[in-house]
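Novice: Those protein sequences? They're chains V and R, same order as listed. Take the first sequence: its letters are residues 1 to 113, numbered as in the numbering used here. Take the second sequence: its letters are residues 1 to 115, numbered as in the numbering used here.
No lab work stands behind these hints: they were computed from the structure. Values in this document were obtained by computation on a predicted structure and should not be read as measured data. All residues carry an ideal CB built from backbone N, CA and C; glycine is no exception. It cannot be assumed that every hint is accurate.
[As the list claims (entries may be wrong)] From the structure, some residues in chain V lie toward chain R, with a derived Cβ separation under 8 Å:
# : residue
1 : Gln-42
2 : Phe-90
3 : Gly-106
[Stated by the list, open to error] Now the stretches of chain R that chain V is said to cover, found in silico as 3 or more residues with beta-carbon under 8 Å:
# : region
4 : 31-44
5 : 85-97
6 : 104-113
[To be verified] Below 25 Å or equal to it, Euclidean Cα-Cα: the simulated SDA-like pairs (lysine to any residue) are:
#  : chain 1 : residue 1 : chain 2 : residue 2
7  : R       : Lys-57    : V       : Gln-2
8  : V       : Lys-100   : R       : Asn-61
9  : R       : Lys-42    : V       : Ala-95
10 : V       : Lys-100   : V       : Arg-41
11 : R       : Lys-42    : V       : Leu-19
12 : V       : Lys-100   : R       : Lys-57
13 : V       : Lys-100   : R       : Arg-111
14 : V       : Lys-100   : R       : Ser-75
15 : R       : Lys-57    : V       : Ser-26
16 : R       : Lys-14    : V       : Gln-42
17 : R       : Lys-42    : V       : Ser-86
18 : R       : Lys-42    : V       : His-75
19 : V       : Lys-100   : R       : Ser-39
20 : V       : Lys-100   : R       : Thr-43
21 : V       : Lys-110   : R       : Lys-42
22 : V       : Lys-49    : R       : Glu-45
23 : V       : Lys-24    : R       : Glu-103
24 : R       : Lys-42    : V       : Gln-42
25 : V       : Lys-69    : R       : Glu-103
26 : V       : Lys-49    : R       : Phe-28
27 : V       : Lys-49    : R       : Gly-27
28 : V       : Lys-100   : R       : Lys-66
29 : V       : Lys-49    : R       : Thr-31
30 : R       : Lys-57    : V       : Ala-95
31 : V       : Lys-49    : V       : Gln-38
32 : R       : Lys-42    : V       : Gln-20
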Amino acid sequence: AQSVTQPDARVTVSEGASLQLRCKYSYSGTPYLFWYVQYPRQGLQLLLKYYSGDPVVQGVNGFEAEFIKSNSSFHLRKASVHWSDSAVYFCAVSATGNYKYVFGAGTRLKVIA
Amino acid sequence: GALVYQYPRRTICKSGTSMRMECQAVGFQATSVAWYRQSPQKTFELIALSTVNSAIKYEQNFTQEKFPISHPNLSFSSMTVLNAYLEDRGLYLCGAREGGWDEQYFGPGTRLTVL
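Just chain V, same shape as in the assembly (with noise of 0.2 Å):
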């Protein structure tokens, strides 16, 4: 079975600051890996997404994830956060053929002035 670990609860940043979420997943397999994003009171939104290739994968709003098959991990990244990208940040795994998602604690990302 599929597992996912956030080990950040809470980041906060300065706005102009660079980013890095934590994600390290659980899977025997190729997983299929995602970070999604919530804003409060609303669903999520996908930010990028990994099923193969490029480890580094590209997503909106200049968010990037990289997939390390050695360290198990799908960090997220962005250069220059904006206060704007404050929110709850979910990183997901699906195995290959299992349509279920297994989703990570989630972390609550603040960007300060």
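Since the structure of chain V is provided, determine the placement of chain R on it from the hints.
Specialist: Chain R only, in chain V's frame:
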């Protein structure tokens, strides 16, 4: 593009009553629909996975008797929360996918408040 709508967006029900929520896929064929619940301050838990022409699979701690699901065609699914209590409050998301594609398209969710 592929879109998923959920109705209602917000609902309030009295403790012990039932509440039905709907999920509609537009622009693709929703062969599978997954229902998730996000309880306050928590992550998303899978309730059940429904695939057209197959039995609905419920996760541990969730039952058909409590969360009956209907998935009558490739564009619509509904789920009812029967006999709702305080622990059932939260955001209910529907994620739909088409055929062999693994990506799920999520709706905005139905937020359930139980009084």
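Novice: A separate judgement is required for each hint: does it hold in the structure or not?
Specialist: Quick rundown of the hints versus the structure:
Restraint check, Gln-42/V versus chain R: the minimum CB separation of about 6 Å is within 8 Å; hint holds. Because the closest C-beta pair between Phe-90/V and chain R is about 7 Å apart, less than 8 Å, the hint holds. Taken as an interface hint, Gly-106/V checks out: its beta carbon lies about 5 Å from the nearest beta carbon of chain R, inside 8 Å. Under the rule that three or more residues need a Cβ within less than 8 Å of chain V, the assignment of the region 31-44 of chain R holds, with 6 such residues.
Residues of the region 85-97 of chain R with a Cβ under 8 Å from some Cβ of chain V number 4, which satisfies the need for three, so the listed coverage holds. Here the region 104-113 of chain R counts 6 residues with a CB under 8 Å from a CB of chain V, which clears the bar of 3, and the coverage holds. Proximity of Lys-57/R to Gln-2/V is assessed by CA-CA distance (about 17 Å); at most 25 Å being required, the pair is judged to hold. Note on Lys-100/V and Asn-61/R: the hinted pairing holds, with a Cα-Cα distance of about 16 Å set against a maximum of 25 Å.
Our distance criterion of 25 Å between C-alpha atoms is met by Lys-42/R and Ala-95/V, whose separation comes to about 22 Å. Between Lys-100/V and Arg-41/V the alpha-carbon distance is near 24 Å, which keeps this suggested pair within the 25 Å criterion. About 23 Å separates the Cα atoms of Lys-42/R and Leu-19/V, which keeps this hinted pair within 25 Å; it holds. About 11 Å separates the Cα atoms of Lys-100/V and Lys-57/R, which keeps this hinted pair within 25 Å; it holds.
Of the supplied pair hints, the one linking Lys-100/V and Arg-111/R holds, its CA atoms being roughly 22 Å apart against a limit of 25 Å. About 19 Å separates the Cα atoms of Lys-100/V and Ser-75/R, which keeps this hinted pair within 25 Å; it holds. Proposed proximity of Lys-57/R and Ser-26/V is supported: the alpha carbons are some 23 Å apart, at most 25 Å. Our distance criterion of 25 Å between C-alpha atoms is met by Lys-14/R and Gln-42/V, whose separation comes to about 23 Å.
Between Lys-42/R and Ser-86/V the alpha-carbon distance is near 17 Å, which keeps this suggested pair within the 25 Å criterion. Restraint check for Lys-42/R and His-75/V: the C-alpha separation of about 20 Å stays at or below 25 Å, so the hint holds. Between the alpha carbons of Lys-100/V and Ser-39/R the distance comes to roughly 18 Å, so the proposed pair stays at or under 25 Å and holds. Note on Lys-100/V and Thr-43/R: the hinted pairing holds, with a Cα-Cα distance of about 14 Å set against a maximum of 25 Å.
Under the criterion of a C-alpha separation no larger than 25 Å, the hint pairing Lys-110/V with Lys-42/R is consistent with the structure, at around 18 Å. For the given pair, Lys-49/V sits about 20 Å from Glu-45/R by alpha-carbon distance, which is consistent with the 25 Å threshold. Distance hint between Lys-24/V and Glu-103/R is fulfilled; the C-alpha atoms sit about 19 Å from each other, no more than 25 Å. Among the hinted pairs, Lys-42/R with Gln-42/V is consistent with the structure: their alpha-carbon atoms are about 14 Å apart, no more than 25 Å.
Annotation: proposed proximity of Lys-69/V to Glu-103/R holds, straight-line Cα distance about 20 Å (limit 25 Å). Straight-line distance between C-alpha atoms of Lys-49/V and Phe-28/R comes to about 19 Å, which keeps the hinted pair within the 25 Å bound. For the hint linking Lys-49/V to Gly-27/R, the alpha-carbon distance of about 20 Å falls within 25 Å, and the restraint holds. At roughly 20 Å between alpha-carbon atoms, Lys-100/V and Lys-66/R fall within 25 Å of each other, so this suggested pair holds.
The straight-line distance between the Cα atoms of Lys-49/V and Thr-31/R is roughly 21 Å, inside the 25 Å bound, and the hint therefore holds. A threshold of 25 Å between alpha carbons decides the hint, and for Lys-57/R with Ala-95/V the separation of about 17 Å falls inside it, so the pair holds. Restraint check for Lys-49/V and Gln-38/V: the C-alpha separation of about 16 Å stays at or below 25 Å, so the hint holds. Using a Cα cut-off of 25 Å, the hinted pair Lys-42/R and Gln-20/V holds, with the two alpha carbons roughly 21 Å apart.
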